[in-house]
Every structure is written in C-alpha cells, then in structure tokens.
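Enquirer: As you go down the protein sequences, you meet chains A and B in turn.
Heads up: the first sequence runs through residues 1 to 206, numbered per my numbering.
Heads up: the second sequence runs through residues 1 to 772, numbered per my numbering.
Do not rely on the hints blindly, as some may be mistaken.
Negatives, chain A to chain B, calculated, CB over 12 angstroms [to be verified]:
# : residue
1 : 4
2 : 54
3 : 84
4 : 88
5 : 200
6 : 201
7 : 202
Now the stretches of chain A that chain B is said to cover, found in silico as 3 or more residues with beta-carbon under 8 angstroms [said to hold, decoys possible]:
#  : segment
8  : 17 to 28
9  : 148 to 156
10 : 165 to 174
Simulated from the structure, these hints should not be mistaken for laboratory data.
Remember, predicted model here, so these are calculated numbers, not experimental data.
Ideal Cβ placement from N, Cα and C applies to all residues, glycine included.
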Amino acid sequence: MRVNFTVNGRKQEADDVWEGESLLYVLRERMGLPGSKNACEQGECGSCTVRLDGVPVCSCLVAAGQAEGREVVTVEGLADFAKQREQAAHAGGCASGACGTSGTSGTSLDAAQQWSAKGTDSQTGEGGDLSPIQQAFIEAGAVQCGFCTPGLLVAADELLEREASPSDADIREALSGNLCRCTGYEKILDAVRLAAARQAETVEAS
Amino acid sequence: MSNQTSPARTPQDLNDAITGGIGDSPLRPDGTLKVTGEFAYSSDLWAEDMLWGATLRSPHPYARIKSIDVGPALKQPGVYAALTHKDVPGENIYGLKIADTPALAEGYVRYQGEPVALIAADHPETARRAMEKIVVDYEVLEPITDPERAAHDDTLPKLHPEGNVVRYQPVICGDPEAKADVVVSDVYTLGMQDQAFLGPESGLAIPAEDGGVDLFLATQHLHSDHRQTARALGLPAEKVRFTMSGVGGAFGGREDLSMQIHACMLALHTGKPVKIVYDRFESFFGHVHRHPAKMYYEHGATKDGKLVYVKAKMYFDGGAYASKTPVVVGNATSLGTGPYQVPNVKIEGWGLYTNNPPCGAMRGLGAVQPAYAVESQMDKLAKALDMDPVELRQRNAVEQGYTMHTGQVLDSPAPVAELLQRLKDMPLPPENRTEPADVRDLPGGVSNTTHGEGMVRGVGYSVIIKNVCYAEGADDYSTARVRLEAIGGEPVALVHSAAAEVGQGVDTVQQQIARTELGVERVTIHPSDTQVGDAGSSSASRQTYITGGAVKNACEAVREVLFERVAQRFGESPADLSLSGGKVVSAVTGVLADLVDVLGDDAIEETREYHHLPTYGMDPEAGQSQRVHVQHAYSAHRAVVDVDTELGLVKVVQLDCSQDVGKAVNPDAVVGQIQGGSTQGLGLAVMEEIQVKDGKIRNPSFTDYLIPTILDTPPMTVDVIEKADPNSPYGVRGVGEPPTISATPAVMNAIRNATGLSLTHAPVKPEHICGS
Ligand code: FES
Ligand code: FES
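Chain A extracted, bound-state conformation:
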C-alpha cells in the first residue's frame, strides 16, 4: 500500500508498504529517518518515541497506515519544531511557550509549511541550532551510548511543552516509559531541570 503523512513539516510518501509495517519501520527504512530507534518493538522502551499529531507515541506500536494524513515529529525535526513553537508562542503572546502546539492539533498547516527539517552540518555539528532540550542533554552528560536519547528527547520536550517547571516526580513520571541502560537517569534529570530552568529564564527575560 501507499502511505502519505507529514514528517517534520515535510510531506512524505512511501510505496509498497506492507500491512504489518510499523510507523517506526517506515520512518527508518523507507524515509531515511533512522533517528528514532528500535530497541524492543514492543512498546516497552520508548526509544522509538515520536509525536503523532502532537501526542508522544511509541512508533513501533503504530501501524504505518494509521499515520496516514497525520503529522509526525521525530528527533530529526525536534530542533525546528521547538524553534517554531517558540516563535508561535511569541507571535501569539503566550508567555509560557507551552500553548503553541499542545493538544492533538499539532502544528498548524500554515506554520508547518514555514519550516522544515534542515539538519545540522554533521561534519562539524554546527549550523543547525539545537533545541533547548537537546543542548541540555549534551551539556548535562545525559548522553552515553545515546540509543535511548532520541526517544527521551521527544518525551522530555513534550513534558516541558505542557509543564514549564516540572518537579522531579513529574519528570520521573513523564519519562518512566523510556528505558536507559547507561546513565542511571541522574544526568537525564539534570538535563530536563536545566532545560526547564533556561526556559523559565527566557520567559522572564521576554
């Protein structure tokens, strides 16, 4: 079958998709977006977390056909997604930055067409801006092998979108579906706290 959906603001189409193929498989193997990871294919690890119309889902559990006509954000588009959200927040006068794309409506079509994933210059790591949560993960040492990182970033970014200053218990609850085998989670908590604190500062400054 053929499936069409929007990924990171760009229309994508995949042909010859088998009935049983997951959204994760189509993203990774048919659309050249292997950033979302496959660590269990059973909905247990969260490595494959993406936003589907704004809602974080395990893309390994979503049949590709279910994404038809919908909007997907993966780790590859996270930086632009965050930037666009911030711009929308400023334009709309939303002080917290938390009302840009919440709910199930996701990115408005208008906004979606204004941006598209550009990616970083992978030779230097420069060029593409990182979202605050990506930057915080690097700085806080929340990345070791990094296999859990894409899913955690998507989940943590969504948490900060709806909860500007989460408590530790909130962070733990929001990230409880994302396994990490390397870090012991302490530095992941540090990273989310750091991103939240920075977000608060930006809001105060503006």
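Given chain A, put chain B with the ligands in place with the hints provided.
Expert: Just chain B with the ligands now, with coordinates in the frame of chain A:
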C-alpha cells in the same frame, strides 16, 4: 582504503570544536550527532540493493541434528540465500578463550537459540517467513541443566570432548582447617542477568571487489571479532575489514560474536550488501549473559571481629559454550575473599558446561557473584558478633601492601576503610516523608499499593574489590596512531585507535589526552577500524588505562620528533621544550614558535602501543601467582530502602557511592559511569533475572525481563576520590565495573536490615519478603 566500500550512512570523523584536557569534563565529540538523531548506529546503516539477513535458531536446549533442508525456503520469492554449516567457508568453530562454538550448528545444538541456518532476503519479513520454511529434523535429547551436578557427575553425557568442567581453580593459603570463635555460613544463589544494552546486535556486510568483505558493526572489540570471523570465512586477515559503527551500549554482551560471521557469509554468498539486525527477542538469545552462581560460603572470626578464615565453593553456569567462563572462575576465586584480610583461605571455583543459555562477559565479570556472597556474609557475621557492619568491614579491610590469598601484593593505594567511612559520614535521607506521602515515592509507586502501612526502612553497606585489565598472563595491549598537522592555520591532532566507544566516553578521553600532551585544541577522532592495531576490548574497565596509555605514548613520540626539529632549528635542547596553547615553549628562552609554523606542510605521525605490567597464571593446585591482576579497584555503596513487608515490594530510596578512581581524567564521565553502573547493580538486586526452566528462557522481552526505569532509580550521591596508582598512565584506576558490583549487595543488605530476612537469592522477589 582503496577497495573498501562504504554504506550510505557511515561512521565519520568526530571533530566538533570542543576544548578540555585531562581533568576537565569536555563534552562528548559525538554528542551533537547523538541528540540530532544523525549518529550512525550499526542498525541505521543502509546500502543500495541491500538484503536482510535472518537467523534460524534451535528451539531445543539439546538435540542431535538429523538433517536440515533449506530447499523450501529457497523457493520463496525474494530469498537470495539459505545457508547452513556446510556453507561456512573456513573453520566452523570459534571462541574467545576456547574455540568450541560453531558459527552454525553442526551435528548437535547445545542451547535454545543456537544458530542453525541463515537466510538473506529482500525484506526482513520475507526473511522471517522463509526461515519458517527451513526443515530441521531434530532428535531431542535430555538437557543438562544443573551446573553443580555437571561438576561432579561423571555419568552425564559430555557436551564437549574435554568434559563438562570448563575450569576448576582452587586458591589455598594459610591453614584451611583453622578454627574460629564465631562461624557463619550460608548458600547463596545469584540469578542470570542480561546486559540489556538498548541497541540490539546489528551490522552491515558489504562484499568487496577483491573477494573480501567489509563489515560495519557494533562491537566491544574489533580485532577479536575480526580474527575469529576471518578464520571462519577462510579469508586472509587483510581481506576482512571491520569498521566500528555506533554502538548502543555493550556491558560485556558484545564481547562474543553474534551476527559477524553470518552477515559476512551472506554478503559473500549473494554478492550483495547484507544487513542483520536482531530484535529484542532474538537479542536475548543472541548474546551471552552473566553467569548465574551457587556459592557455599563459611566465614570464621575471632570474638572481637577479626576474620580467621574463609571457605568457599562456587559453581558458575557457563551454559553451552565456554566464552569467558575460564576468566569468571579466575576472577571469582582470586577476588573471592572480598577486600578483606583473611589469613586462612580455601576457595574453589568451577565453571561448567550445561545446556543452559551461554554465559560470558558482563560488567563486573566474575566479581559480582562472590561480592554478593561475601558482603551478605559480612552482615551476617556482624549480626552474630553484635557489631556494627561498617566497623566489622573496616576492621578487616585490606590496605596497600597487603598480600592477597593468591600471593599477590596490593602495590597501590587500597582505601577500603576510608571509602566506607566517607559513605557513613554522608547524610541520610530524611525518615519522615511529606504528609500525605506522594505514592510515587513509596514501594509500589503509582500502583498505589501502600500509603506507608506495613513499610519499614533499612540501610545497607557494601565494599568490593575488582581487577582492572585482563589477567593471568594476558597481554591486552592497545595501539594508537596520532598525527599532528597544520590545517587551515590551526594545529590539529588526529587520533586513530580501534578502541570501542560503547557510550562510556573513551573517544572523549582520547581527545583529552591528545589536547594535554600536544597542547592543541582541535583533536579529531578517526572512526575505529581494523586498519590500525588492536586496542583490546572495551571491558575490564581498561580502556582509559590501556588505550589512554597508547594515546599518551603516541603523543609523546610525536612530540619527540617535533622537538628534535625545533631543537635543530633554534639550537635548543629538546629536554627544555614543551607544548602549550599551540606554541612551542622553551624553559630557557620562552615562546619559540607557533606549532603551525614548525609543522609547515609536514605532518608528524607516530603509532605506539601500550602494554601493562606482566601478569602470571594461577597455579592449578593452590591458585598462587606473583601477580594475577594488573590493578585492583574498590568501590563502596550505601543503600537506603523502604520495604512494604505485606506485599514484598521494595523502593530504593537512595543509593550513594564512594569510589577511588586513581585519577579522574573526565570527572563528569566518571560520575556518569558510577551512576549507570550502580543502577545495573540495583537491577540485579531487585528485578533482573533471566528465568531459565529446563534450559529454556521464559522471559525474553522487556515486558518480562525488567530493567530499572527512571521511577525505580533513586537519587545517587557519588563521591569520587583520587589516589594515584604509580603504575598506570596519569595514575588512573578503572572505573566502569566496581559500582555495578557493590550496588547489588548494598541494596540486599538494606533489605535484610529492614526485614531481618536472610535473603539468599538475588534478585529479591516479593515472595522472598512476604513468604507467599
Ligand atoms: S522500540 Fe518502540 S517502545 Fe521499544
Ligand atoms: S545512553 Fe545508552 S541507553 Fe541511554
């Protein structure tokens, strides 16, 4: 490489503009790639016209193969190859220490999940379906599943020609029949733990024009994989080229081969690139696990708490193939007293073949098991003596200069008593929780099983000893190539080694060393591959020590060439020269020149090895050796738990660690290693166990094999001390493994402290606590 083909997404130079030398905590050079999703893990690789490989595995723990018919599979559209042991071009046998493992089963299958046949097809689902069409006729045999019996019962069938004992090793010192005032004993069992790295086994093999093959893969040890694979392929080493791709964690589980030979066979056979990626289910069968153990321990002490003797017998279930079983026996017996002074010792260790899943390397190799038993015994002894458990440990702690039961003298700092003291002096979390308690902080969490009723708190300590680097005569050296040149008006160092970056941060450390040694900022890490010498494995907490040493040596060699040049040009003595901030500085006349000017168009490149101090085997009768281990490392933990005694649920409230790391080359990464290691140890104490019944794994999924989530993991205070080892580069001491070892018994002791139960099995299950 002229005839090397690369996949579309490929491992690349890491050259982010990051600064920071030894003792700083610079950012990871792969950090940006990892947070943007661009980092090329081995499962992300892709090549034009690529096929998918799949592995048919044995459903039986033990069976004779009467016949295999791949014909029906080959008839499926989209299937390009179906291979069996007959298609293994070279020797169909490999192994880390003992070559006993077939690449594809031949004659017998000895464990459930053993690879029997391979498929290559144009879609993973096609491959899976074709696999089901292969007809294997098995004569099912009675599996051997009890390792203790395998050690002593000669009537059992021999799983391998040499019998079922992989290794027996006694260590005897003093008078093993010594008598003591107070005696405690018990039998402890430890379950089979899985490494559960998140990135499953995977790789992409690309056939090359020269008849060879290039494999892009995730591994802990490129050269070991490479040697074993080339032999099985029957190809000369230079026709088999391995390149490291992104590794999603390892923890010992990537020390043995998994898909390496298979992917190469399929690629060579079909003439097309072949990718193999295991799913989680297959991963549970596709790598070795931690050896489960049964341990009989008896400790004798004087009335005032001085240890008089230790007697122990330990049985390690190696499963169907040897893997690292001999090393587990060596480590466990040579470290089997724990970090304590014991004048009289008799420890015996057996490593066995059975038809259970094969066991091999996992973080804390061979030290995790006895540490759990010994630290349980120490608490039991403290109770019998009515003594504080920390004080008992301190009273018996080894120190620098102590002669271990193997005869090895501890020749560098051994701050065991101090580590315990530092932990004891740390504040405890408050007893009184907020009212009403947040259920998320209680045993059972959001299942909302208790609001504090039936809940007791416990505190437990432990301290452990672990060897660093390979032991008993192994020369696990490392090699580094360092090139210094001027690029775009800036001095740049390129470091090329085969050290496996598995997440631990060895790439960062190599950059830091080069920055410090060469006084430059820009250091590029070349992808690890087999075009440079062996670096040894990313295991045994050894890479910062050994590859760090190799990078240091290579940098020094580069510096020497450079200083000769400068000395000639400026008439200075090389001994007076140093490098700093991209300049050559003389102790006599100050800044002499810009490094860039001295280098000109002329790169300086040197390759050097680093070899650690020689070690020696343990004698077979009494386990004596002048030096079994290169270095010893120590860590201590304190765990605080809340236990719901009615439901048997445990909440680890706090897990603090104090560890000596010799020299923290990257202090933040050290803390990250300790937190991650502690969490794996916590998992082994309260949840992680592969359930094996009649040789079969019953829980091969993350639904049934649980690893700690962020909700299970408590705040962890990490206290790092640095007592330099005079024998190691920069004084470093291995970091990665010790915290995994000491966390488990600390949690177990805390649960004992809360409940008064003896808890002779780890992990603790609810029924062990509430008795039903
Ligand atoms: S891969 Fe989707 S939850 Fe694990
Ligand atoms: S960093 Fe390796 S799994 Fe999280």
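Enquirer: Does each hint fit the structure? Answer for all of them.
Expert: Results of checking the hints against the structure:
With 12 angstroms as the threshold on Cβ separation, the claim that residue 4 (chain A) sits away from chain B holds: the shortest Cβ distance comes to roughly 21 angstroms. With a minimum CB-CB distance of about 19 angstroms to chain B, residue 54 (chain A) clears the 12 angstroms threshold, and the non-interface call stands. With a least beta-carbon separation of about 16 angstroms from chain B, residue 84 (chain A) lies farther than 12 angstroms from that chain, consistent with its non-interface assignment. Distance to chain B confirms residue 88 (chain A) as a non-interface residue, since its nearest Cβ pair spans about 22 angstroms, more than 12 angstroms.
For residue 200 (chain A), the requirement that its beta carbon stay farther than 12 angstroms from each beta carbon of chain B is met, with the minimum near 21 angstroms. The non-interface label for residue 201 (chain A) is consistent with chain B: the shortest C-beta to C-beta separation is roughly 21 angstroms, beyond 12 angstroms. No Cβ of chain B approaches the Cβ of residue 202 (chain A) within 12 angstroms, the least distance being about 19 angstroms, so the stated non-interface status holds. With 3 residues having a Cβ less than 8 angstroms from any Cβ of chain B, the segment 17 to 28 of chain A passes the three-residue criterion, so the hint holds.
Coverage of the segment 148 to 156 of chain A by chain B holds. Counting CB-CB distances below 8 angstroms, 4 residues qualify, and the rule asks for three or more. Coverage of the segment 165 to 174 of chain A by chain B holds [criterion: at least 3 residues with CB-CB distance below 8 angstroms; count 4].
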